[in-house]
Amino acid sequence: MHRISVSVIALGLAATGVAGCGSSSSVADPATSGSGLSGSITVLAAASLTESFTTLGQQFEAANPGVKVTFSFAASSALATQIDNGAPADVFASASAKNMDQVVTAGYVTSPTTFAVNVMEIAVPPANAANVTSVNDLAKPAVKVALCQPQVPCGSTAEKVFTNAKITVTPVTEEPDVKSVLSKVTLGEVDAGVVYVTDVMAAGSKVKGIEIPADVNASTSYPIAAVSKSQNLAVAQAFVTYVLSPAGAKVLAADGFQKP
Amino acid sequence: MTRKLAPTRLTAGERARRATIGGGARGAPAALLAPALVAVVFLLLPLLGLLVRAPWGRLGSILSEPDVLQALELSLWTATAATAVALMVGVPLAWLLARASFPGLRLLRALVTLPLVLPPVVGGVALLLAFGREGIVGKYLDQWFGLTIPFSPLAVVMAETFVAMPFLIITVEGALRTADQGFEEAAATLGASRMTVFRRVTLPMVGPSLAAGAVLCWARALGEFGATITFAGSFPGRTETMPIAIYYALETDPDAAVALSLVLLLVSVAVLVALRDRWLRSSVAT
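Residue numbers (the numbering used here), protein chains in the order written: chain A, 1 to 260; chain B, 1001 to 1286.
This is chain A alone, in the form it adopts within the complex (with noise of 0.2 Å):
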């Protein structure tokens, strides 16, 4: 028992240090989040910047050898309700600006930063058996089509560009995220989904992609921000920075991000 909290103190002053020098370090060269930076975060990152953020963290890593970034990949409003249910976050990057804004409500983070913009692009198996080839054959009877569930942003996002062409879509399945609708595309389940250009970009030869025109195309913006509570935001800080400097906003646009 003694034994125990004396630990937990000495973990508390440890943190506490980490935090104090970790700040001054960040204050002393934000740009390039310098060299006084240790300990381990989590970052909650929607599904669509798994390839992006994996980078990135990679990166960030390289560039402070005490770090370790750890991601959890899922839909943004999954990731929300986990935050809201006090999930350990230190990060939170969200796909839409609703899902960050219900977690600004709730208290948990203040001021989130735009970093990037994403469209949407149709997902189709190389072989496209159904033929695919514009948005309005998604509302064919005999097209298969999977897309996120609706509170999810790609669901929402998916809903938009098919309000805009004026049709209406009856997927097969609304699967979690969109990692799920892809897979689903790239096993040959579907016949089509509706996923980020992003995504398509990511999955290479297994998906084939078909284009939306802008004019009924639809985006979504993705938000990122230091959770309030976070036991390391000084780490936590700088991760952010560092995916808004040039070198982060490299990284997205090789991936097909948009700016904001």
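Think of the hints as simulated: they come from the structure by calculation, not from any bench. The structure displayed is predicted, hence computed values, not measured ones. We put the beta carbon where it would ideally sit given N, CA and C, even for glycine. Hints are not guaranteed to be accurate.
Stated by the list, open to error - Covered stretches of chain A (in silico footprint by chain B; criterion: 3 or more residues with CB under 8 Å from a CB of chain B, positions within the stretch not fixed):
| # | region |
| --- | --- |
| 1 | 77 to 84 |
| 2 | 107 to 113 |
| 3 | 175 to 188 |
Once you have looked at the hints, place chain B on chain A.
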């Protein structure tokens, strides 16, 4: 509380030993009592949380929403269909495993009960690879008959059957093993055919176990999540069962998630009551 307090029947040593064990429930040692209490609290506290946080005022309106009724209806009929399939093919398999003798029997038993310990989501992936549009069997179903199984209520039933049938099989098989085969032999010597023996003697003998296994199978099918969402996807009214509806409701309307959970909790309590004679009496073995 203590049934034997007659001091004359205790030696001094026994009295001393009993004195040290705190006089708890029939003299359970404190070293066991404390962790047992932790286990009880751990198991019951979440259920209490569900009851405390339940939106009692909104309960009626939430549970009468069409989406909810749709999910409940789908769950009830798919679980029932899965149980029916399990009874039709699982009981004969249980008989085979209990009574037949052939090489590889033990391996077969292990394999068919594998879904008991297999993570359901793995079952879902496996079903997709077998019966999906690109699956080893599903490919031909699609090419020859234009039949695609994933994302249909049939897929829900298949996922539930895959996960739940082993519960029925092992329950019935266990009962068949311990049943007295003398009655079957007697019926056979009196001229009953093997099928008649099975129908008129064997089945009635294992009736209670059959019922218990079916209820257990049904409950497991009702709660199925991982294999279903992987193989059948999720669409309201078609493949979105109660557990999946609860999972998504937590993101959109947590109150609704709690209300739906209460319904499944109620069903589970009903299942326990139905099975109480089997499991809640210490004298009855599996």
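Count the residues of the region 107 to 113 of chain A whose Cβ falls closer than 8 Å to any Cβ of chain B, and tell me whether that reaches three. It is violated: at least three residues are needed, and the region 107 to 113 of chain A offers just 0 whose Cβ sits closer than 8 Å to chain B.
Count residues of the region 77 to 84 of chain A with a Cβ under 8 Å from any Cβ of chain B, then say if the count reaches three. With 4 residues in contact (Cβ-Cβ under 8 Å with chain B), the coverage given for the region 77 to 84 of chain A holds.
Residues of the region 175 to 188 of chain A with Cβ under 8 Å from chain B, three needed, outcome: This one holds; 5 residues, not fewer than the three required, reach chain B with a Cβ under 8 Å.
Of the numbered hints listed earlier, the single one contradicted by the structure is hint 2.
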